[in-house]
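Undergrad: All chains, please: the whole structure from these sequences, using the hints.
Keeping their order, the protein sequence lines are chains D and P.
Going by this note's numbering, the first residue of the first sequence is number 88, and it counts up by one from there.
Going by this note's numbering, the first residue of the second sequence is number 553, and it counts up by one from there.
Don't take each hint at face value.
[To be verified] BS3-like cross-link-like pairs, simulated, lysine-lysine; straight-line CA separation at most 30 Å: (1) D:435 with D:290; (2) P:564 with D:138; (3) D:376 with P:613; (4) D:366 with D:332; (5) P:636 with P:571; (6) P:571 with D:290; (7) D:290 with P:564; (8) D:435 with P:556; (9) D:321 with D:366; (10) P:633 with P:613; (11) D:92 with D:435; (12) D:290 with D:138; (13) P:636 with P:613; (14) D:376 with D:366; (15) P:571 with P:556; (16) P:564 with D:435; (17) D:290 with D:321; (18) P:679 with P:633; (19) P:613 with P:556; (20) D:321 with D:332; (21) P:556 with D:290.
It is worth saying that the hints were derived from the structure and are not from the lab.
These numbers were taken from a predicted model, which means no experiment stands behind them.
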Amino acid sequence: MMELKTEPVVINMGPQHPSTHGVFRMRVTFDGEVIVDMEPVFGYLHRGIEKLAEERTYTQVIPLTDRLDYVASMTNNHAYVLAVERLAGITVPERAEYLRVIMDEMMRISSHLLAVGFLLNDMGAFFTPLMYMFREREKLLDLFEMVCGQRLTYNYMRIGGLSHDIPPEFLPALNRFVQEMPHFIDEYDQLLAENEILLARTKGVGVLSRELAINASASGPVLRASGVSWDIRKADPYSVYDRFKFQVPIGTAGDIYDRYWVRIQEMRHSVRILEQAIKGLPSGEVMAKVPPLLRPPQGEAYAHIESPRGELGFYVVSDNSIAPYRLHIRAPTFINLTTLRDLVIGWKLADAVAVFGSIDIVLGEVDR
Amino acid sequence: MRFKRYGAGIAKGMALTLKHLWRRPITVEYPEERLIPSKRFRGYELVWYPERCTACATCAKACPQGNIEIVTSRGEGDMYKVEKFEVDTGRCMFDGLCVESCPFNALAMGQSYERSSYCRGQVVLSKEELTISEERQPSGYARPEIEALQPEQTLLIYRTGGVR
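TA: Spelled out as structure tokens, the structure:
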């Protein structure tokens, strides 16, 4: 008998592939059907936002931050203005802080709906769960549009507060959403949490070990699914998060199912934070006294917040001019993506798609 | 993976999708039926009031992209005459910073959202095209007095009948 001679095959997946959530490319090496190596290639959406920020005033950078993580723009706004406020030593009115928390948590729900929906869509639950989740997301986008006039690129937060106060019809609508949303989350659970096909495809697949998650400095739901209790809202409270009671859901196995489960549970707790924030919302100004052309003193500041995808940090250096001397963005998905190679090796291509979807990347943020 | 009763979870999910058959549809047939956007809608175009504008170029300085081009000449007295007021909406981010910065309320965001064109030249809007008119109406973004006059936004949250 003659030995069969085999060779590994390299398959190019992306950049235009429906399950890569943007323009991401994977060069996957196969031995038969099993992945033996994977090389991520990104940078197709690079716009040089960090450099562009250096020639814009501090206020003009805010619309640029909308374009980073474009499914959770409000948290980007928040992280950036927080960094500049720390740099310039500005205190924000309490009402603005509460509204920022409300916006952040609405954003978290809307972003997780999208993440979970597309994960299920990638695994073959073709568009039914995604459309159910889009329906709830649409309600939130309506509310965002009511507040700031746009559905995706909000440009709502300003250095020292917010650009506008909320209109009077905002709170009744949000109250209704807060009452309805837990039922809809139960519906999602009923739809797929016990589905045998989903369980078979996600349990034990793409396990990110606790050690690797910490060593790769992963953050957000990806880290928490691996059993590490690390949430910046608890660990280093910013804004008024220390006044709310909520829990941080933690996974155990670190597989795809746990990442899915952590996101679903986080939505429940976000709804709880929204309830408390609406109750405690004080009245008053939403904008502090800030000069129109801000010149922060020389120095540097770093602010990080818990964005829906993990630790989003902005590092700002000022040389006392009207524009930042240097702006660096710690993008959570970029760093979570570094674990992808270890997660997919040994699995098949269809599993790689599911693992990739469970990390939940947004290319606008990865490439910046 | 092994299951006790294979298919029970799938049936449970299917029951939910079946329930959706009796729910009210939330989508609309767009060109025939239109939803009303927000009162503060940052629409596709800017609306310019020629009589209020003093050509101070605060809007041009506020724009992160440098989209607004203003050319002036000496007018009567201390006033400047606006020769050219051009906005390249092809590069515009619609962030509304120009509208917020205008000290004379001479600029507002627009209401329309359907403006596709066949060539890039058509998206550069001139002084005449930007001027307020019948079909070019301002939205209430950063203009509370206009916001009070706008119709109520259609909210999806009130269109669906909740969970049943």
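Undergrad: Now look at each hint and say whether the structure bears it out.
TA: Results for each hint:
1. D:435 with D:290: 15 Å, holds
2. P:564 with D:138: With Cα atoms ~52 Å apart, residue 564 of chain P and residue 138 of chain D exceed 30 Å; violated.
3. D:376 with P:613: 21 Å, holds
4. D:366 with D:332: 13 Å, holds
5. P:636 with P:571: 59 Å, violated
6. P:571 with D:290: 28 Å, holds
7. D:290 with P:564: Given pair residue 290 of chain D, residue 564 of chain P holds - Cα atoms ~19 Å apart, limit 30 Å.
8. D:435 with P:556: 26 Å, holds
9. D:321 with D:366: Status holds; Cα separation ~21 Å.
10. P:633 with P:613: 19 Å, holds
11. D:92 with D:435: At roughly 21 Å apart (the allowed maximum being 30 Å), residue 435 of chain D and residue 92 of chain D satisfy the hint.
12. D:290 with D:138: Since the Cα atoms of residue 290 of chain D and residue 138 of chain D sit roughly 42 Å apart, the hinted pair is violated (cutoff 30 Å).
13. P:636 with P:613: Holds, at about 16 Å.
14. D:376 with D:366: Cα-Cα ~26 Å, so holds.
15. P:571 with P:556: 26 Å, holds
16. P:564 with D:435: At roughly 29 Å apart (the allowed maximum being 30 Å), residue 435 of chain D and residue 564 of chain P satisfy the hint.
17. D:290 with D:321: OK: residue 290 of chain D and residue 321 of chain D at ~28 Å, within 30 Å.
18. P:679 with P:633: Within the cut-off at roughly 12 Å; holds.
19. P:613 with P:556: 68 Å, violated
20. D:321 with D:332: Distance of about 10 Å is within 30 Å: holds.
21. P:556 with D:290: With a Cα-Cα distance of about 16 Å, the restraint between residue 556 of chain P and residue 290 of chain D holds, given a limit of 30 Å.
The structure fails hints 2, 5, 12 and 19 (numbered hints given earlier, in ascending order).
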